[in-house]
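Here the structure of chain A is known, so what remains is to put chains B, C and D with the ligands in place on it, guided by the hints.
The listed protein sequences derive, respectively, from chains A, B, C and D.
In terms of this note's numbering, the first sequence opens at residue 1 and continues consecutively.
In terms of this note's numbering, the second sequence opens at residue 144 and continues consecutively.
In terms of this note's numbering, the third sequence opens at residue 287 and continues consecutively.
In terms of this note's numbering, the fourth sequence opens at residue 680 and continues consecutively.
These are computed hints drawn from the structure, not numbers from a lab.
Warning: the hint list may mix true and false statements.
Taking lysine-lysine pairs in the DSSO-like style, the calculated list, with each CA pair at most 30 Å apart, reads [what the hints assert, rightly or not]:
(1) K724(D) x K148(B)
(2) K289(C) x K724(D)
(3) K1068(D) x K963(D)
None of these values were measured; they are calculated from a predicted model.
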Amino acid sequence: MYTEKVMDHFMNPRNVGEIENAAGVGQVGNAKCGDIMKIYLDVEDEIIKDVKFKTFGCGSAIASSSVATEMIKGKTVHEALAITNKAVVEALGGLPPVKIHCSVLAEEAIKTAILDYGKKNNITFKELEGFNPTEDHHDHEEE
Amino acid sequence: MYTEKVMDHFMNPRNVGEIENAAGVGQVGNAKCGDIMKIYLDVEDEIIKDVKFKTFGCGSAIASSSVATEMIKGKTVHEALAITNKAVVEALGGLPPVKIHCSVLAEEAIKTAILDYGKKNNITFKELEGFNPTEDHHDHEEE
Amino acid sequence: MNKRVYLDYAATTPVKEEVFEEMKPYFTEKFGNPSSIYSYGREAKQPIDVARTRIANAVGAKPEEIYFTAGGSESDNWAIKGIAFANKNKGNHIITTKIEHHAVLHTCEYLEKYGFEVTYLEVDEFGRIHLEDLEKAITDKTILISIMFANNEIGTIQPIKEIGQIARENKIYFHTDAVQALGNVKIDVDDLNIDSMSISSHKIYGPKGIGAMYLRKGVKIHSFVHGGAQERKRRAGTENVPGIVGFGKAAQLITENMDEHINHMMCLKDKLINGIIERIDFVKLNGHSEYRLPGNVNFIFEFIEGESLLLSLDLVGIAGSSGSACTSGSLDPSHVLMALGLPHEIAHGSLRLTIGSFTTEEDIDYVLEELPKIVQRLRDMSPLYEEVKGGQK
Amino acid sequence: MNKRVYLDYAATTPVKEEVFEEMKPYFTEKFGNPSSIYSYGREAKQPIDVARTRIANAVGAKPEEIYFTAGGSESDNWAIKGIAFANKNKGNHIITTKIEHHAVLHTCEYLEKYGFEVTYLEVDEFGRIHLEDLEKAITDKTILISIMFANNEIGTIQPIKEIGQIARENKIYFHTDAVQALGNVKIDVDDLNIDSMSISSHKIYGPKGIGAMYLRKGVKIHSFVHGGAQERKRRAGTENVPGIVGFGKAAQLITENMDEHINHMMCLKDKLINGIIERIDFVKLNGHSEYRLPGNVNFIFEFIEGESLLLSLDLVGIAGSSGSACTSGSLDPSHVLMALGLPHEIAHGSLRLTIGSFTTEEDIDYVLEELPKIVQRLRDMSPLYEEVKGGQK
Ligand SMILES: Cc1ncc(COP(=O)(O)O)c(C=O)c1O
Ligand SMILES: Cc1ncc(COP(=O)(O)O)c(C=O)c1O
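Looking at chain A on its own, in the form it has when it is part of the complex:
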């Protein structure tokens, strides 16, 4: 059902944890739907020095968080903002159709954390214009 990459990130997630006094924190999803992602950023000169995550959710939610943190670590916030859920899916070698929403959550968790960083530092990101993470990203395939 899951690719080896997904299973690897699920079993050996990178960057699990919290950052005290993080530069930006983003939390998306909700427990009602069964997944919450929280991303902590440490930013210096617009560069993401460190990133940690905590996730409540299924295997692919955990793997998506893990791979997403890996993808943005060391990147500029602008580079991080360019990361789409598709890129997350690709980095995982694919996700089952019903699990695509997990990658969407990962993208939005990053954006929300950067938005928070921006707010704290009075920076507005052009890339985040109109960004409005909804609570419910489940778009499961139904017949």
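Chains B, C and D with the ligands in isolation, oriented as in the chain A frame:
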């Protein structure tokens, strides 16, 4: 499905054949329903000296005819008239429910042959009062 | 009785050894529920996908157009009821034939109680429908045409492609009961314009209790068994994994060896037909000479009744089948033989012998040796034959 | 991964060796069609009668009240649709519960589109209905009560005898889905006033793809699969002979050893429940302490989600199941857990482990060793647990 007795009478039917210038002949059933029985009697002093049958029909129709001829051979016509379809079924060690009509046919074939014998000889049999063999004796069990 | 000759392949077939071997592990070892996400479940899910693909390949369909069922009867019921109820807003008229299997006929009769109107097309003396009759029967309320691919009793094959064409042109769904056709006739659902099709495993050397319905993508249908999300949410129930695996293997084998298989049956069939005609008087071959299943032989033996013929054959080890009323517990002989226009009294004396993979020349020789004796014996007991002989004297 | 511990017996069971041995001859040797009158047919018919009697004996029914189907889902569909449509003249109201299997729930929802009204009874926090609720729900239009014997997720057993009594007094038919109960609870259809009952072979160490419906003599029902005259003309289709034989054998074995079997499961179940409660914080046992299937363990582990728990267990070879939305592809967690009144966020973290014949003490020890580590690992990743820890600091 059939008892050994039925199979024996089916494979080794007694008294198959015709009697030329028989004292009485009875034919019941019809080809439309899939079974016809024809019984020939040779009667002397009200005693059935000989009996033959021909049957078009299923295994139990043939067995019923065979056992019925065996039951009446050497008997008086009155004794023969006392034979019911139940007696035929018993003599065969039982018949499947859907095949009971075959034993009814056998009983009626005997009666019809005796009726014919009576007509030819101007004898009326009390036992045959009201006897009226119908064409269709199928009373298959349906749910 | 020592020798046994099985000539009832149209009733059911033995499971082939290769098929059974492939099924085996799924009973006691790889027994998981395919819906489960853990390893036991995955072990059971993957072979289902393989089987689905094999069956799809056998009929020119896409794997996701194959839905597993418990057999041909369920497939017929599902296709017909499911399409009828799901399309009732478009019309309430169904067209079928008088010679369908009971799984289709009784389903149609049931629908008649629920507001549907059904036209039962006549067939000619060889068992084929006439396309003009079909065209004439179509109304603007017709939503479904269900016509069997090949008949189980007399083996007659219908003009499926032309029927599909007519259905397509009139935007009517076309379902075909191909239970007897699978493995005996080349089937390509696209080429033949088939929208839905019933098939059954135990007729092609697979296990009993498993079948499938082909449903073209986009055809509107209701679920028949509601419940869990199996079969893309369309047919609930924990999957019959070994059954599915066996059906898949059987479909693969029959597809690979189709030409050879057909040839084998055809030769033996012709031998049997010719042999009977040579050896026995007052016989009539039922069905069509050309549009006929390769393994089907169906004869009328006049003046005798089918069950007694079957019983006698059984006693010498030969297994056949009969359209006789007496084998079914009903009053009338087979509705198929009646639809051919045969009189009742004649229709009672039919014998079907169907040839399959394991039939040999010796089997046919044995039948040709035994059958004439049996027919003669029964005729000698028959008052109807007496009359004929009388007339000939 | 080497060790494998299967704890999902409620999902499906392996076929027992004795069962498989008894089935074997019916695939390749005694393969005849049971409806045929010749020897091949008789060989296949007699074992069906044996199986039917064994199953009847297992539930206190008469053999002629047992109808074979393709499984529990078909039995549920047939019983409910068949009784509903056949008794529509008497009323259009059906009573069931919120925690039924989808095979019952989705069937009821389907019937709602066809003029039936359905009351879905609530259950208490332990999953039991209250009899007063049932009595209050009955109207003069009520024709059918369908309440499951035991729940598949949380194992709660309903007051079946009392429900049957109420149904009887009100002259309403009572159907029960006993798929999970068979083999785990003593069932006597007469004592319990059951009119119709669904059972399934693959839950009692028999093969998949075969089940049965018990129907009390005299209960009015429509056929579900129309066609041939099999199953006393009520369920068409060539019989799944090996499946039926296997189901019959499985029913016999489970009846003979029921007490021992229940004891075995109860001991291990208690060990597992107590072990989990001792070793892990923030857990909640779902279901009833007394009215509970002997092999059912169902826990909520707060702050973590069920699928990630299952996946982690699978990686150490343990097979369980979860009422998590994420395993089913739907948005909401199990309707059963929701009906217990659990909040969404908590219901997501459920784990069902079900014990069966082949479960050993070592299996349970292994789970008690692995599970706490896994739960801790997932909690350490969970932002919800972080909050709790935070609160505790
Ligand atoms: C309570 C209950 N009812 C019905 C079913 C359906 O049975 P089957 O999978 O045999 O169709 C199941 C199991 O899946 C069940 O647990
Ligand atoms: C033409 C046809 N349709 C349907 C069926 C029913 O198939 P099954 O016995 O698998 O339900 C059969 C065979 O019995 C058949 O020959």
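Check your understanding: Within 30 Å, alpha carbon to alpha carbon, are K1068(D) and K963(D)?
Key -> holds, 18 Å
Check your understanding: Given the hinted pair K289(C) and K724(D), is their alpha-carbon gap at most 30 Å?
Key -> holds, 21 Å
Check your understanding: Given the hinted pair K724(D) and K148(B), is their alpha-carbon gap at most 30 Å?
Key -> holds, 21 Å
Taken one by one, the earlier hints all hold for this structure without exception.
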